[in-house]
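Next come the chains, spelled out residue by residue.
There are 2 protein chains.
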Amino acid sequence: MAKEFVKEITSMDEDFAQWYTDVVTKADLIDYSSVRGCMIIRPYGYALWENIKTELDNRIKATGHENVYMPLFIPESLLQKEKDHIEGFAPEVAWVTHGGSEELTEKLVVRPTSEVLFCDHYKNIIHSYRDLPKLYNQWANVVRWEKTTRPFLRTLEFLWQEGHTAHATDEDAHEETTRMLNVYTDLCENVLAIPVVKGQKTEKEKFAGAKFTYTIESLMHDGKALQSGTSHHLGSGFAQAFGIQYTDQAGTLQYVHQTSWGLTTRIIGALIMVHGDDRGLVIPPKAAPTQVMIVPIAQHKEGVLDFAFDLKEKLSKVARVNIDASDKKPGWKFNEYEMKGVPVRLEVGPKDIENNQVVLARRDTGDKVIVALDELEAKLIELLNDIQINLYNKALKLREEKTSVAATMDEFKENLVGNPGFIKSMWCGERECEDKIKEETGATSRCIPFEQEKVSDTCVCCGKEAKQLVYWAKAY
Amino acid sequence: MAKEFVKEITSMDEDFAQWYTDVVTKADLIDYSSVRGCMIIRPYGYALWENIKTELDNRIKATGHENVYMPLFIPESLLQKEKDHIEGFAPEVAWVTHGGSEELTEKLVVRPTSEVLFCDHYKNIIHSYRDLPKLYNQWANVVRWEKTTRPFLRTLEFLWQEGHTAHATDEDAHEETTRMLNVYTDLCENVLAIPVVKGQKTEKEKFAGAKFTYTIESLMHDGKALQSGTSHHLGSGFAQAFGIQYTDQAGTLQYVHQTSWGLTTRIIGALIMVHGDDRGLVIPPKAAPTQVMIVPIAQHKEGVLDFAFDLKEKLSKVARVNIDASDKKPGWKFNEYEMKGVPVRLEVGPKDIENNQVVLARRDTGDKVIVALDELEAKLIELLNDIQINLYNKALKLREEKTSVAATMDEFKENLVGNPGFIKSMWCGERECEDKIKEETGATSRCIPFEQEKVSDTCVCCGKEAKQLVYWAKAY
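First to last, the protein sequences are chains A and B. Each residue of the first sequence is one higher than the one before, starting from 1 at the first, in my numbering. Each residue of the second sequence is one higher than the one before, starting from 1001 at the first, in my numbering.
Source of the hints: derived by calculation from the structure; they are not laboratory data. Owing to the predicted nature of the structure, the values given are computational and were not obtained by experimental measurement. Among the hints, a few may not be true.
[What the hints assert, rightly or not] Derived CB-CB ranges, DEER-like:
1) A/T169 <-> B/G1303: 31 to 39 Å
2) A/E66 <-> B/G1303: 24 to 32 Å
3) A/A17 <-> B/E1102: 25 to 33 Å
4) B/K1329 <-> A/E453: 55 to 63 Å
5) A/R431 <-> B/K1314: 54 to 62 Å
6) A/H127 <-> B/E1102: 40 to 48 Å
7) B/V1455 <-> A/E66: 45 to 53 Å
Yeah, the Cβ is synthetic: ideal placement off N, Cα and C, and Gly gets one too.
With the rest of the complex left out, here is chain A (with noise of 0.2 Å):
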């Protein structure tokens, strides 16, 4: 017999930065690679984005999106055509210099995102209106030389999904924005459980080279937010840096408007730190790679596992199923499952099988129940239901609790060391005050919410008279 261990993990409350690595490492989403910042997405990590991606996927392709798949590499002079995008981007790109043993005429970079590349294709096969839409969208890896990383959160290299869009009309352009960002939003509600705020980032921290960036901000257990997912109107900058034009219905010559929205692996990472708990991670039933995991308790008994391996069969027609019949302890197994985050485990021994019953364990309450055998699927089905609404609920609740508002400095500051969370101070509209905020606090806006209310008169930060709400926190 291997040595049987329980894994321990850092309390949340004690160092939530350590809580957070214990779970990425022994719920075995990650490893650490040989490459600095870059991780290695472990069966289950991946089985996890996995299932974002399909849920995702089909929502991209239902709204009419096609997807492509456009080169890891663009030529530095591509890169410099859109002079914003550039000058947001350069900082942190890797750069390609040499193939084989050649210096190359001209450097690469390795995709920090790929505007650039879409529109020089636009300009090759957009001509007449009868081209527009276009509505892409590809799966891939980008590069961003990050000096401190962490898993899911902040990497090197991550894996996302980018749209980018060409429309006839700046309207057309804004409609897909706000389609996309509802899209985020289901995923992100109704698939992870992650309630969202909807709203526009400001000037400072839209997207380089955008008209305006839409953005989903969640919240997370420690009281920090997370961007979850951006969808900017890029207006008709990059058409006109390109040359994207196509021939009216008149005949006469105009310029494309474009979109793009990208939500990438880092959605994990929030997923975990916002259903996550002292027992580790807790994934919400949709997402789940396992939402039911059969435990069978003295399987060595005659029959508990035949009994085990037909359920598993029988149920697996209404959930994802999976069972451990290793020779590990049922406790190891309880411990490892829960660790994992696996929404249900369905404990079944020798009683249980004479008693025509089972156990069902949620993990999100830790509430047990026994479950006749002829009411299992339905129940089951029923209790993967109400673990995916209460998860939701416990979230939102979470949030509430730690959104409050602030109309002066000295309340941001003290709400941001009580009760850390969203903060809702109106704001003048001026890029100091946002800097001095985050100067001050190191709290950043995170967006002007969509729904709008006047919490004060005036502006937090200087007291001239306010334009906007926003929320303002702590992010990662």
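Knowing the structure of chain A, use the given hints to seat chain B on it.
Same frame as chain A, but now just chain B:
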């Protein structure tokens, strides 16, 4: 109205290379990019890849493998750990030397393949015989710095899956190598309708660092061969270089035995060159993004479009069905979907509706058949199956016609000119003869087939005693 035109392509007998280029661009599979040697995979090409990917991924998972994701970059020192491997790949890698504005202290290679990354990870996670086998796969992009490139066939960057497994014994690794070659064979023959020859690569042609390499080789319309998938038995060479050891049941430290296997976007090139004809692409139904294209006739007449859309909905339950209801002429549409290789065209006009029938046209033979509405679903399923089988049989017949036997170098050279294709010749097993054949004829050893025959007693090149039958061909 936009100008309507019929796309023309070069005849394959006239100029096969130009025919290929015409097909990949005019069937909208790819576009050229501003990045040397990198292609843009357009929606139709990517949908084809997605189908191939799904079919292969299902098979990879069904054989017990799990998907993971490894970093894009490999530090120079890591790549150098296995001597043969680095020698094989160093001349064709892209080097990242700068991150942001700083020069890196250690250069990074953009992965040409990921053996060393998997080894580095396996060293961390394999300790006991209980940890074996490890059956991992990843879907990724890789880069090889090729001088001459052609869409799908040879590109600087390409997409693939790479399996990497670790086993307790040499026999287990050998079994895995065979298993995955069989998975590739199943995909090629039963999904892509491409017959393959299974065999082993010579020492010269095997993977850098492998004990031996298994391969499947297919034959293109022009008589050139294309390596369509390879499966490598890595032995314990990498394990020794990286120190990947496990404690066996007796408590002794042992090295693991490894395999790796890959299939790339290159297979799309094979599909094009095996099945295509002078009207463009021909896609086997099981791989086709659209299996049935509905073309309404006289669609301005009342009821035609409604009827056609109802058909689409109804038939979507049994096949991947699309409809072109644009205002382009039916003749243009016929040509377009023939170019795109859609297996079945369904024509429906006022007369058909009156007679409760539709017309089905096969892409592979050009045959048209009138089908009564109440038999349509059954007939369609039957027709798609027929086309799938017919394409395989046609390809097999072509390969057989283009496979010849040569006992002498004169025969060998005559065959290569008179009937280019596979040449079956005996070989003494010496590298010298293999090199000489390539030098004199341009043909390379494709594989030592598993199904051995004795077509003569002596080596086709040196006349000494022959050891094995080898398939030779000029190759992509």
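Taking the hints in turn, this is what the structure says about them:
Distance hint for A/T169 and B/G1303: a CB-CB separation of about 34 Å, consistent with the stated range 31 to 39 Å. Between A/E66 and B/G1303 the beta carbon distance is about 30 Å. The supplied range of 24 to 32 Å therefore holds. The beta-carbon spacing between A/A17 and B/E1102, approximately 26 Å, falls within the hinted interval of 25 to 33 Å. In this structure, B/K1329 and A/E453 meet the distance hint of 55 to 63 Å, their C-beta atoms being roughly 57 Å apart.
Checked against the given bound of 54 to 62 Å, the beta carbons of A/R431 and B/K1314, roughly 59 Å apart, stay inside it. Separation of A/H127 from B/E1102 is about 43 Å and conforms to the stated range, judged on CB atoms against 40 to 48 Å. Between B/V1455 and A/E66 the C-beta distance comes to about 50 Å, which sits within the given range of 45 to 53 Å.
The structure fails none of the hints (numbered hints given earlier).
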